[in-house]
Structures are given as structure tokens and as C-alpha cells.
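Protein chains in written order, with my numbering: chain A, 1 to 342; chain B, 343 to 657; chain C, 658 to 940.
The calculated lysine-lysine pairs, modelled on BS3-like cross-linking and capped at a C-alpha distance of 27 Å, are:
(1) C:790 with A:93
(2) B:408 with A:185
(3) A:138 with B:488
(4) C:790 with A:340
(5) A:320 with A:236
(6) A:88 with B:391
(7) C:709 with A:48
(8) A:93 with B:391
(9) A:187 with B:391
(10) A:179 with B:408
(11) A:325 with A:277
(12) A:308 with A:48
(13) A:325 with A:47
(14) B:408 with A:88
(15) A:333 with A:261
(16) A:236 with A:135
(17) A:304 with A:261
(18) A:40 with A:336
(19) A:299 with C:790
(20) A:333 with A:293
(21) C:790 with A:293
(22) B:408 with A:93
(23) A:88 with C:790
(24) A:135 with B:488
(25) A:135 with A:246
(26) A:304 with C:790
(27) A:185 with A:138
(28) B:408 with A:135
(29) C:666 with B:553
(30) A:261 with A:277
(31) A:246 with A:236
(32) A:299 with A:93
(33) B:408 with A:187
(34) C:709 with A:40
(35) C:709 with A:320
(36) A:47 with C:709
(37) A:213 with B:488
(38) A:340 with A:304
(39) B:408 with B:391
No lab work stands behind these hints: they were computed from the structure.
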Amino acid sequence: MKRLALLFLAVLALVAVGVAQGALSINGAGATFPYPMYSKWFDDYHKKNSNVEINYQSIGSGGGIKQVTEGTVDFGASDGPMNDEQLKAYQDKHGFPILHFPTVLGADVPTYNISGVSGELNFTPEALAAIFLGKVTKWNDPLIAGANKGVNLPGNDIVVVHRSDGSGTTYIWTDYLSKVSEEWKSKVGKGTSVNWPVGLGGKGNEGVAGLIKQTPNAFGYVELIYAIQNQMPYGKVKNSSGEFIKADLASVTAAAAGAAKSMPDDFRVSITDAPGKTAYPVSSFTWLLIPSKFSDGTKRDAIKGFLKWMLSDGQNEVEKLSYAKLPKEVVTKETKDLGKIQ
Amino acid sequence: MGSRSFVSKLRDGDEIARLVTFIFAGSVVLITLLLVFELWRESYLPRHKFGFGFFVTSVWDPIFDKFGALPFIYGTMVTAGVALLIAVPLGIGAAIFLAELAPARVSDTLQFFIDLLAAVPSVIYGLLGVFIVIPVMRQYIQPALKNSLGFLPFFQGPAYGVGFLTAGMVLAIMVIPYIISVSREVLISVPRDQREAALALGATRWESTWKVVLPFARTGIMGSIFLALARALGETMAVTMVIGNTPTISASLFSPGYSIAAVIANEFTEATGDLYLQSLIELGLVLFLLTFLLNGMARLLIVVTSQRGSGMGQA
Amino acid sequence: MSRRLRWRKFVSHFMLTMTGLCALVATAVLFFILGYLVYHGGTSISWNFFTKLPAPVGETGGGMANAIVGSAKLLLLACLLGVPIGFFGAIYLAEFSGGTIAFVVRYAADLLNGVPSIVIGIFAYSLVVLPFKHFSTLAGGFALGLMMIPITLRSTEEFLRAVPRALREGAMALGASQWKTIASVVVPAAYRGILTAILLAFARVAGETAPLLFTAFGNRFWSPGWDQPTASLPVMIFTYAIAPYEDWHRQAWAAGLVLLGLILIINIIARVILSRGVAIPRT
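Only chain A is shown next, with the shape it has when bound in the complex (with noise of 0.2 Å):
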């Protein structure tokens, strides 16, 4: 018996110390916004680069910021880039900047499980603003059903869902109706973790998902790959333009194209209610959080490879997937910044 045990206990430890020799190991944490696009790359990556794994963990933008902060992790990942006094934190920790590097750009789109809608509902700034606020609660209310002639809206309570982690999908959601309503901006405010006044709470734009796929007349919003990819009907929301816009490609890089030319040195832009025509107004870059100096340099250079190939190759691969691909001008100064990473 103790033979037994002895020799399993060795077999382990060999497996162990096997599995250890060869693949360099990176962590990283961060958005569930991109996680489907991150899971492929790293994914498509480790199948060109055998040697390379990078484990990306979805827990929500807060806890990319939080962890990379505290170091736990090599890098982190977030849609709401890190505020003034969260750089400084970092600064502050580990001596030298974080960098933001923008990856993709994404929607946040309200999507809902009403029986007997399965079309695209029109959603205007004020409505969207009042059903979170708590002050409009059914969907047959006049500013829903005033933007949706012709729909047959029923009478039942929304459940409204929102995230219960800290979460950069939240931050531009909450960004937006800070822009197009004073009463959220006062009351809420924005921020990856705010103080909902009414809803349940789901963890991850993957719970979100859940919960509102689950639950009926529940009314939330996601990252548009993620309404895709469950076969969840998704509305159009009105710019400041005037029109009503559907989260696709076109109109999330259309929300692009003004950061495209005046991006800041630090990448920290926001583009939700952005002008022009065709621009879907709660569109956002998401970044990946890099510290500028790693001390293992074998890390440090797999990252700066995979950041030169997320900016080339990578960039093929997110349309498949419903984000939409970097302006060229931001790609170019990324590429230069790459420098930065020592």
C-alpha cells in the first residue's frame, strides 16, 4: 500500500516537473468584453508559437486593472482605461508606468428577452437613461413604445440586468448615459462598479447573457459578439446624429474614425456618443494593460511578439468575430509605441 503510494506520488511529481520544462507561461486577467477574441488569439497563437501559453482570465475589467496592479498577473486587460489616480497607484507601486495598448473595438448593445419581439427594437438616449434610473419599468411605457410604432410591446415589469462585478463594459455603458443624461451623471455617475438603482446583478458579460437569456421581459446590455454568439435579439440605439443605429462593423468603426486622428500619446480615448451619422453610439476601444518594464526578459519578449502579431495578424481575425478592426493610424503608433516595453 505505501509502495503504492509512494510510486503514484513519484509518477505525479515527474508529470509535474515534465509539464514544467518547455512552455513559458503568462498570465494575464482582465475584460470579459474581448474575452471571446482573446481566447482566439491566444489560442491561434499558442498553436504558432508551441512554447508560448498566455492564460487569460475573464473576471471583469476591475479585476484586470486590480490585479495587475498588484502584480499577481503579467498583464491585464480593460474597456474603461485606467483613470488618473489608478496610473498613479501603479506608478506609485512598481516605479515605473503602465501602458495602455488599444486592441479592438467593440459595442455595448442592449439586448432583452421579450415573448413575441424577436426584432430589433429602437431604443432612444432618454429611454435607455430611465429604464436604468428605475423610472420607466414597463415596456409598453411611451418612451419605449413611442420609438417602436407598429411593435406590440406587452405590459410586463423589464428586468433590468446589469453586471455585479466591476467591469469595463459597465464603465462604457455608464459613460454613455453620463453624456446623454444629467440625472444619471449626478445620481450614478460612471465607473466600472457603480451604485445601480435598480436590476439583478450578473457576473461577466457571459452572466449578463445568461441571466437575461434566462429570465423573461430582462433587459441588459453586452458586448455585441456576445448577443451574436447566443442568438440574442439586440436593438438599435439613437446617435447623436438623430438616427437609429444598429451595432455592426461599420458603425462601430465609424465611432472610430474622429479618435483615429487625435488620439492621445496614452491611448486613453473615449468614443461612445461619438458624431457622425453612421456612428453607433456606445461603441469603445478596449485595451490591454502592459507594465513598461518587465524583468524577465524571455516574458517580455513573447509579450512584445504577441502584441506585433495581435496588431497584423490578429487584426484578420476580429471581424469574424463581430469587433470591429483598429484604425490604421492607431495601429501605426501602437507599433511604435511597442518600443516603450522594456
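Could you slot chains B and C onto chain A? The hints should help.
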């Protein structure tokens, strides 16, 4: 044992053995002390900033750095309360059956299965909760309650499926085994002469159980309830998958809510800012103290009853 | 028979039937759970499940091979921490110690046992993850090991104490030292119970999810060595169950079946060992 020289004892290895095993035993104490110390130390920010107000504020706002524990304490209490309301009658009933009525083999076999139920991990209950309990609650049970008892504030509001009631029901299933096994032991240990005296005086089986045996075992059964309560308070996974994850205080059991364990599980890895993180840790400290008190009381009550049962009390 | 007596008899029969119903409901839940898992999980268990790594989000065909190995590694570490401390600590309590120290150790063990598993996770995070700047199998194993300690300690102590004094005294009368007595006489006499205790503690932590959330974290690939994050069955179940993808739901059921099956089998084996063994005190 006669006195042997220290050297000879040492040569035989006894002192070494004693020392080595003492170190292991002592490490248990050290680890526990370290744990309590860490919890206390890592929660000093909110303790100093909010003080006692932490327990009575219901705002949980990471943007404005305002944290109050009330919604989580409320949610933890309500779900545990619902769980006990369901589990206690069922559990004691089952325990009575197993202890008083069932023949020994049936009793032991059923107890075996109930012990297995206690071994089912929390995440499996959560899995079943998400795919089975929530839809059933939303489509059948909650509307039925609303139609029949909707005049009570407990059963008002929209039926989401998730919420206090659902979490309470799942918790009830999780804690029933504890109530059953401890109560059964306690009931079995009630001396035979108690029952026989009642029966001899003309009581029916039920009357003897309800009026004589149960009161005798009352403290032990209370102990089992406290044990179950402690378990319910600390449950994390099953609760966070069915409670709705919203820090709300509402009289309605249909409302989504939050518990201490659930909010820690959801927000710990992303709490940016020391005050935020330490507020979560203070919540952990609160939970720890609650379960500590309950477990202590439970143990006391169970010990007292079994001492009474084993003959130290008079017939 | 008087009417009153008839009524009392009726109440008695009725209430006692109700208690039988309660017992039935309680036991039925177990079979209900098992049935559901077998039904949903059985159909989803495939070769892919055991051998493939997770696929990119939204794609089918992935598996949980890394989670199965990850759980095995975590549990191995947990045993390496929990079993020695529990076992040797119990020997100290049963064989060597005096009253006060024993009381303090038992009290600490009971305290540790009652700590909610999420709080153990917090503790392991500050003690292992932060200093090493890594989520890791080590941290997860540490958290699980902490939970094993009190169970192993208390149960082993009970079984050691149950060994009759006569055995000990006989050995010492023959000239054996204390530690030799313990090693060659007492422990072998109690080995069934000790094995049971270890198995039950193992089964208990095999299903724990909360402490792993911020210690072992998660991994889409194999976890090399012991200092990297690792996937584990319980965490995968949690992640997949709350997501919207049908394929992930199927995998969650399969994983649930595998996990519960493992835990139940260990529990059954442990109890069978016990029932065939030395008489133990009714705890």
C-alpha cells in the same frame, strides 16, 4: 512508569516524538491565530473610517468610496432564516422518524444516504439551482405564492426566479442533513425509561415523542439548528448562483439580494483601492465572528444534552 | 374506545406518517440530484471532455482535461499539508498532551473548521498569492489543506483514543518506548478509522470552489509546475454554469457528474471501511 533519565528517554526517541507531534499540533493553533490576526489587521481602514456605522449603512458605492454592510448582513440573515424555516420542521420530522419509528437497519441505511447528501459540494447545488430551481420558482412556485399569499409583503413584486426565497430553498436542502444527523443522535440518546414511562401512563407514540422525548432533547436539537445556521451563513457558491447579486434590502422574498459570502466571492479580485478591499475583508471578519459564535453555542448545547442523556440527569 | 382516544390515536398515526414523509423527502433529494446529474451529465460525458483543453469562447469541442489534472494536483497538495498536521497533531493530543494544551489545540481546530471557505480563500490570498505575486496551484492547495486539517485532526484523535488502554499498556510492559508503542501498536489498531478520516476530509475539500477563486484562479491551458494558476473542476462548473453557452452548460453537467461521482464513491468507501472495522465511539 518509573523515572528514567532524560538521556535514556531521549535515546528512545520519546521526547523527540513528543516535540515533533507538539510542533504539528501547535501549528494548528498558530495558523488559526494568524488567520484571525490577518483578518483584523487587513480591515483597519474601514473599521477606523466607518466604525460602527459600517453595520447600519446600506450604501455600497465603490465610486464614492462609501461602504455599508447592512444589505449583505440582511441578505445573509434572510436566506438563512428561510432555510431554517424549511429545514427545521422537515429535519426534525425526519430525525423523529429515524430515531423513534424506523427499525435499526432502515434507520441506519437512511442515515447513510443522508450523510451522502451532506457530502454534495456547494457548486453542485448551485448548478442544480441555476438550471432547475430558478425556472421552477419563476414559472410555478413564485406565481402560485403570489396568487395565494400575495397580500403579505413577503410575496409581492415581480417573480424573477432568483432572489432570497430561491437562495433560502437551496440552503434548506444543504443544511437538512446536519439537522437530521445531530437530532437523530440526540433523540437516540434520550434514555429509554423516559419513553416507557410516558407510554406506561397511556400516551400514544406520538404524544410520548412530542411531549416527553423531544423536550428532553430540546437543547441538543437547538444545537443542531445552530450548527445548520452556521453552515448556511458561510455558504458561498450555491447562494451566489441564485440570489441575484444585488445589494437590496426588501421585505419581499422574491426580491434579488446579496449575502456576505457572495459579495466577497464576486468582488474580491477586482476591489481596486484599499478601502474597498478592506471593507470586503471586514465583511469576512463579520461572517467569521458570526459562525464562530454559532458553532460555539451549538457545541455547548449538544454536549449538555448528551451529558443529560447519558444518565447524569435524573429520570 | 372513547372518541378522545380515537382522535389521539389518529393524530399519532398521522404525525408519525408525516415524519416518515419528511425522511422520505430528505432521502429522495439525494436520488433526485444524482438522477439529474446522470441524465444531463451522462449524455455530455465524452472522450473530448476528458482529453481536450477548453476551446475558445463560443466554440464547441473543448474539454476539461486540464481541470481534472488541476484538481488532482490541488488535492495532492492539500493532502500533503492537511494529513501530516492532522495526523501528527492528533497523536500529540491523544498520546502526549496534558489538559490545557489539548483544550487549546482542539478549540483552535474547531475554530478553523468553522471558518467559511471564502474567508479561507482571503487568508490564502494574503499569505501565498500576494508575497509570491502569483496565483498558483500552491496557493489553492494551501487553502484546501487548511480545510482538511481540522477534520483529520479531530477524527484521528477520536479513533486513537478509542484504542483500548490495554493494548498500550501491554506494549509498554514489554519494554517498548512510548513512540514505538504508538507507531507499532496504537496507530495500526486505529488505522481503519484514520483512513476513513482522511478519505472524508479529502472528499470534503474535493468539491470546494470558493477558496480556489482567488488562489488557484484558473487556466485555459495546462498548468506547468506548481506556481502557476490552474483550472479546477469546481471552478469550471461555476464558470460554465453561469454563462450563456449551451456547450458550456453541457460540460458543466458532465463535470458535475464526475465530481459528485468521485465524492460519493470516496464517501461510500470510507464508510464501508469503517463499518467493517474496530468498534468506534458514537460521535
